[in-house]
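Enquirer: Sequence:
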Amino acid sequence: MSLAIQGLIFAVMFSVGVFVGLWGDLLRVVTRKGNNITKAIADLLFWASIICLVFAVLMQLNFLELRLYAFVSMGLGVFLYFHFLSAITLKFYQWAFETGLKVLKWLWRITLPLRAVLRAIAAIPDIINLLFLSLASVILLKAKELVSSRKDYPPAT
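Going from the sequence shown to my numbering is simple: count from 1 and add 766.
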């Protein structure tokens, strides 16, 4: 394997390490206020997706040849990310989630009157449906009375 290919593998695995760090910080922000079961499930999903990502990248890069420098470069990417960029990224993720929650709460308050109107509009087909069902049940009961009140007399002999 040429040195250029090895350098490419090193650079790509380094960027995978940085990406793993970004995902790790996102996981920390998302599961910050969750319970232990939610955190455990999210952690399992995180590591399963990381394993799949590393497997797919290594498969595309060098047909899954496991070389030490590939894992060292990925570890170096994770280490440098957490050392230099993690604090900034955590602040950004925190701001983004708080802003997103504020926007969702605002939309919830804005749509409150609209929801009441939509419920009233949705009640109209329900009322019409109930009227038709009531009418159909009355018709069926009258038809049953007519059929049961009719007596069949045997023919006279």
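No lab work stands behind these hints: they were computed from the structure.
Wrong hints could be hidden among the right ones.
[Unchecked claim] Below, a list of computed lysine-lysine pairs in the DSSO-like style, where the Cα atoms sit at most 30 Å apart: (1) K908 to K805; (2) K799 to K910; (3) K857 to K799; (4) K799 to K908; (5) K871 to K857.
Enquirer: Decide, hint by hint, whether the structure agrees.
Expert: Okay, the hints, checked on the actual structure:
Straight-line distance between C-alpha atoms of K908 and K805 comes to about 62 Å, which puts the hinted pair past the 30 Å bound. Using a Cα cut-off of 30 Å, the hinted pair K799 and K910 is violated, with the two alpha carbons roughly 63 Å apart. Between K857 and K799 the CA atoms are separated by roughly 16 Å; this keeps the pair inside 30 Å, and the hint holds. Among the hinted pairs, K799 with K908 is inconsistent with the structure: their alpha-carbon atoms are about 62 Å apart, more than 30 Å.
Annotation: proposed proximity of K871 to K857 holds, straight-line Cα distance about 21 Å (limit 30 Å).
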